[in-house]
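S.K.: Chains as they are written, first to last, in the working numbering: chain A, 45 to 368; chain B, 45 to 368; chain C, 45 to 368; chain D, 45 to 368.
Hints may be right or wrong, so weigh each one.
Copies of one chain are not kept apart here, so a pair can be met inside one copy or by any two copies together.
Within a straight-line C-alpha distance of at most 27 Å, the following computed DSS-like cross-link-like pairs (lysine-lysine) qualify [to be verified]: (1) Lys311 <-> Lys54; (2) Lys54 <-> Lys361; (3) Lys160 <-> Lys361; (4) Lys311 <-> Lys160; (5) Lys115 <-> Lys160; (6) Lys161 <-> Lys325; (7) Lys85 <-> Lys160.
Hints in this document: simulated from the structure, not taken from any laboratory.
Protein chains: 4
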Amino acid sequence: MCTSLTYSTKDHYFGRNLDLNLSYGESVTITPRHFPFEFRKVKAVPHHYALIGMAVVVDNYPLYFDATNEKGLSMAGLNFPDNAYFFSAVEGKDNVSPFEFIPWILGQCASITDAKKLLANLNLVNINFSEDLPLSPLHWIIADQTQSIVVESVAEGLQIYDNPVGVLTNNPPFDYHLLNLTNYRHLSTTTPANTFSSQLELGIHSLGMGGLGLPGDLSSPSRFVRAAFAKSNSVAGDSEAESVGQFFHLLKSVAYAKGLCEADEGKFEYTIYSSCCNVDKGIYYYTTYENSQITAVQMNNEDLDGAQLTAYPLVNKEQINIIN
Amino acid sequence: MCTSLTYSTKDHYFGRNLDLNLSYGESVTITPRHFPFEFRKVKAVPHHYALIGMAVVVDNYPLYFDATNEKGLSMAGLNFPDNAYFFSAVEGKDNVSPFEFIPWILGQCASITDAKKLLANLNLVNINFSEDLPLSPLHWIIADQTQSIVVESVAEGLQIYDNPVGVLTNNPPFDYHLLNLTNYRHLSTTTPANTFSSQLELGIHSLGMGGLGLPGDLSSPSRFVRAAFAKSNSVAGDSEAESVGQFFHLLKSVAYAKGLCEADEGKFEYTIYSSCCNVDKGIYYYTTYENSQITAVQMNNEDLDGAQLTAYPLVNKEQINIIN
Amino acid sequence: MCTSLTYSTKDHYFGRNLDLNLSYGESVTITPRHFPFEFRKVKAVPHHYALIGMAVVVDNYPLYFDATNEKGLSMAGLNFPDNAYFFSAVEGKDNVSPFEFIPWILGQCASITDAKKLLANLNLVNINFSEDLPLSPLHWIIADQTQSIVVESVAEGLQIYDNPVGVLTNNPPFDYHLLNLTNYRHLSTTTPANTFSSQLELGIHSLGMGGLGLPGDLSSPSRFVRAAFAKSNSVAGDSEAESVGQFFHLLKSVAYAKGLCEADEGKFEYTIYSSCCNVDKGIYYYTTYENSQITAVQMNNEDLDGAQLTAYPLVNKEQINIIN
Amino acid sequence: MCTSLTYSTKDHYFGRNLDLNLSYGESVTITPRHFPFEFRKVKAVPHHYALIGMAVVVDNYPLYFDATNEKGLSMAGLNFPDNAYFFSAVEGKDNVSPFEFIPWILGQCASITDAKKLLANLNLVNINFSEDLPLSPLHWIIADQTQSIVVESVAEGLQIYDNPVGVLTNNPPFDYHLLNLTNYRHLSTTTPANTFSSQLELGIHSLGMGGLGLPGDLSSPSRFVRAAFAKSNSVAGDSEAESVGQFFHLLKSVAYAKGLCEADEGKFEYTIYSSCCNVDKGIYYYTTYENSQITAVQMNNEDLDGAQLTAYPLVNKEQINIIN
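Please model the complete structure; the sequences and the hints are all you need to start from.
M.R.: Given below as structure tokens:
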């Protein structure tokens, strides 16, 4: 399972936790403008916006988990099992496979407005990348600097939701999460007044009691609420270090420590990596479960007018700063 | 507010989050064996076990927030407002001021068994360090490699609790937290069976639903439950990197992002630092709110037979590993 | 706000709490087979199944809150503010006003199967009963002896949901409540095992801890969960007295005591009446907030072949059985 | 398990739910002033205040579950397993057995002030009523018209707590429940403001959302909170019918429907009876699980100057008022 987030200070940030029980050998991958994007059904896009993000590169194709293009438009796919439904190809529609969806949108769109135009004729088709790499059941968050949307392909068809929260987790469908937030409207970051009883004196155990009722588990609805609360009440300086640092602190509130979420007998989901992309500057920051130091890759320090993918393997060993 | 934790893999670890709204200029401070520990009422201890921990050094006196001695005995003071009560000096008792308590115990004791002997005649006296540095209302967790206890000085007298959980947060008194854990006995790391109804089919939103009911707020009772659940179910390898990494992941589950806990109008408590000491090897690891990279200071790389404090200022600037 | 429930032992029962801040002068009202049902847009139904239920009779028209017909088909309208949307009349559709909906369905249908046929061409039109009696924003539960459905007219159109739970409360739309139940799948009526920690001994405060997590407030989603849990786990004998008694005990778990739910400054919603109809025998039982004794009205003791309404005013004064 | 409650309007009321999985043949029992109260260790009290309450009469001895004396002082014993500890007789102490405790206090005391004097020298001794009737592990609430206390005999000795809430349930010890209330200080009877986020519009599902977080299960800590909330926010008229009716409504919020609390495989605890005594007028009202009509027995309609117990068997069959 996963959590994705948008966040703004002076600049704009987009990122996510990837929560799985194993890594797929992903790397920070930059796709320059002239890498030829070919698609199974829709026509190729040989020249396009450059992308940076986390991807598994297979047969020289970047299977992006999340990415940002040079205009700042960002997108992440998150697990959506049982609900995700992909269709057969339909004549007259843009038949895009889910594994092509991120390149197809980010290659061509500079904004949510652009993306909505492309989505209007989209049909997400059930074409596997290969026999060995079947489709994952995903839904997507797409965000630019000012707004975000959620795209869900379900049995009833393609659903596009405005996302005023700027958070995405997993099941159930997105409209449930929005309605569910209502149940937490009373939470706050301050000590609540005693409204339980005008006749009883009730003490205060500690700061933080305004959050009583915030769910602490790792289920998808609970992470949605927790991420929304953290993001909505975040206070941070607007320097790059403070912004990026704060983004990772927000992601930690919904991260998985190993052991707390059993996927199968003895197999545990945990937060494989956390990412934070400065979408204005094209800098992709990440930490991994094994390495808490922030690592950064800068899109604009690469030749974006090339045609070859650049992939930086993850720095996945704890980088401890030993002082003495 | 704060959370302290013990944890064992192959080695033994002790650490804590310090949650405040400002830093006191603390540093990782090593007290060698012959630094002369003097006390206001009890007699001095000129030769003692060496200590490493986080301290503010004032007038060449290490005011430890948390520390570990060369035998591995560890101790941390955590906020305990309203409940902490310190007494006038009593003839025949060991009258120790709270600010002297960590040096007095860790200087002389190699184990909880040792500590319990000293505690038997202890009276925590209300003597301020100075006019400018009044006493903080604290309670303490003390731990060796096999067990831990909690010490609370309250109006009724000195209370010493065995701590089978190896966690300490803040108010209310410790016995409340132990009783309160009972309310969470049904939580688990696996997907719960549908016991709600034998007549209804109920789905599963996602992994993690076994934790439904785990409180997600930052109040002291909720952090106690969350830390206990995280620690109890932690799964990690037993290498030093994995153990230390996991310890910090556990602490993150009870850490404060800035903005989520308002102390005063516009002033927020957040997790100033997180520490993890390998108590067997005397290595003190920490991260700060501003720097997510782990920094390490090693007691045994200093001359422990000296008489002078060594203090390493915190590396408090984000150390980003820029790849390109 | 309100809660409606189906329940079966040897016989079948249907009932509800009506939660409001004032009474409308309702009475237990029997509509015999030849009372002429006229409608604003659809054609009249002069001969039909007889009905018993709670109604306000205005201008000799029974405005039913809930009712059961002689075949056992039952129906209740519950508050659905903000979401309920009623349409303009549409040519070719059965244009029924919400206030006519219960007579129109219960007059003509013997079962859910029958009702679904009528619903297929239904358009709920926004025609007030009168200027003084505008439409209430309602949704409906319809049940026969074996199944129940929910009917919601929202801006997107008429929604018909199968209701495997046999419970209806209020907002949000019904599909939310069904999804939301999933969050409570771990609740049970037995003492849960300690799955929190294999290392900690955790006690048991008391029986009833299997229900920890059951919401105790009066909001609509919480009442849905609580009623579903109570109904799903109910154990009772199957005599009429035991069945009816149990039904009222189930309703009490979601009833409102006066003072606990403020509608407006100093105005409180409370459970005006609770009803339980034996739908097989046509006996309508009720209690009121002021009178905890069960009162019964029997449809089959009236002349059902008549054309005149019979209305029994509520016995609304506490009937205390004084023994000495 | 059980819940006891005090409540005041113009008059003063005291009562309780008795929650068990079987009835003991209890009856409403009046003890007149000259019924000779004999005790195993302390000296007899041949002349005393008259009592009314629920008791099992064995060998002409009234084993009261709860009772009120003619001065209005009231007392109820509630289950306190594992924690209750009764001692051997101690020279110089008033050695009273728990089964004698209610007669001993209510026979001699007119107020809490009186009771506290007697309690000062009390030792609750472990003497069974008979081989067949061993002691139950109980704690007690005692209340007069203005205050209430809780008496707990635990291994550490006799504990007497002021009870500002006027509620008692079961485990853990009473001080836990008082501290625990603090976690619910934010609950209210009104719709909470959206303090979750200043950036998000969050709707309102329904009235009652101020109570979100109120626990809905039947465990003892949850019933304590729910009863305290209901009592603290109760709004009712002050006539006898309204006061008594409201008292029963408050008790319903913590009552058990059959099936929801499994004591043993297939054996369920449920609310055997609910009582409400007008302590000013000596009228004992009750309902039973099987009979929702209120039954009343009036102490002052008996000859209180006699020496014989009067016991009214419970009216335990549903008294349905059939209208037609």
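S.K.: So, for every hint listed, does it hold in this structure?
M.R.: Verification of the hints:
1. Lys311 <-> Lys54: between (41 Å within a copy, 21 Å between copies)
2. Lys54 <-> Lys361: between (32 Å within a copy, 20 Å between copies)
3. Lys160 <-> Lys361: neither (40 Å within a copy, 41 Å between copies)
4. Lys311 <-> Lys160: Classified as neither; 39 Å inside a copy, 41 Å across copies.
5. Lys115 <-> Lys160: within (16 Å within a copy, 52 Å between copies)
6. Lys161 <-> Lys325: Within. Shortest intra-copy distance 25 Å satisfies the 27 Å Cα cut-off; inter-copy 60 Å does not.
7. Lys85 <-> Lys160: within (20 Å within a copy, 42 Å between copies)
The structure does not agree with the numbered hints 3, 4 stated previously, though it agrees with the rest.
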